[in-house]
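Q: Sequence:
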Amino acid sequence: MRVKESINAIRDMLRNRIYPNEQAIRQCIVDPILNDLGWLTRDPKSVYPEYPVEEGKVDYALCCFPASEPYVFIEVKKHRHALKEAEKQVFGYASVKSVSIAVVTDGERWRFFHPAEKGTEKDCKVRELNLVIHDISVSAECLEKYLSYEAIKTGSAHKAMKQDAEKRHGAKYSPTELCQIIAQRCWDEERSLKYLAADLNINIDEVRRITKTVKYLEAVENVMMTALSPDKLTDWIEERNLSSFGKLRNPSSFEKLMKLQKGRHRWLKQKVQDNLCSELT
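Numbering-wise, the sequence shown is residues 90 to 370 according to my numbering.
It is possible that some hints are incorrect.
To be verified - Calculated cross-link-like contacts (lysine to aspartate or glutamate; reagent style DMTMM-like; alpha-carbon spacing at most 20 Å):
1. LYS234 with ASP224
2. LYS207 with ASP253
3. LYS251 with GLU206
4. LYS248 with ASP212
5. LYS146 with ASP132
6. LYS173 with GLU158
7. LYS167 with ASP120
8. LYS251 with ASP224
9. LYS211 with GLU174
10. LYS283 with GLU111
11. LYS301 with ASP253
12. LYS177 with ASP224
13. LYS248 with GLU266
14. LYS173 with GLU111
15. LYS166 with GLU239
16. LYS166 with GLU111
17. LYS234 with ASP120
18. LYS211 with ASP288
19. LYS173 with GLU206
20. LYS134 with GLU206
21. LYS166 with GLU139
Hints are computed from structural coordinates only; laboratory data are not their basis.
Just so it is clear, the structure is predicted and the values come from calculations on it, not from any experiment.
Kindly produce the complete structure, drawing on both the sequences and the hints.
A: This is how it looks when you write it as structure tokens:
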């Protein structure tokens, strides 16, 4: 399956945060994945870019029959950009145009909505996929089921979306996945524990328990380590007054973060030097 190969290559680049803007996400992530899923991204009748809607445009409209009739709306944002407003926007557009599937993505996070359901975008959210956190096979299966050309053309994507919407609250995550998802969405997206408990359909006490585990602290550290340099990490914490948040109330946690961050940068520097030395010899 070609999409698996694409996801595997994309994962490493997402971890290193090399995509500078929304255009890079569209060109280097969304387009290749859509190609792998059977869409002709160079055919504007099939993959309609900047699809016009009332009061705006949608980044992608996926069309089958008749030509230029949208079945899927995809809104793309910069990597690690807050997605809340984009969710409301594309969900509203999809509801007005009676589009079966709405997607919001920053390349790493893919959020799938079924606008035909009653309620807000939160009520109609069917699935959230993370190309870095979730297993490659899980990611590929999800993308194939909801977004492949054949699935859209035959209507199986719509049926799968409708069926999954009915059981969306039964979605299961491994303990490691939950730690990573909650860490990313709390710290990177600044989501509250209360919001996540409702969104993931998990008891708030269970979410609080997870945030007190060693694995959760490791997940938080990983989010921050990959996002910021040591100097920027200090500024980031001061700007957001993170001393008011759970784990960082303990000064030793902050010191550990700084130590790991500096160590990571020393390791990267040494790795570059070693590579250069091997080339010279």
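Q: Could you tell me which of the numbered hints above are not met by this structure, giving the numbers in increasing order?
A: 6, 8, 10, 11, 12, 13, 15, 20
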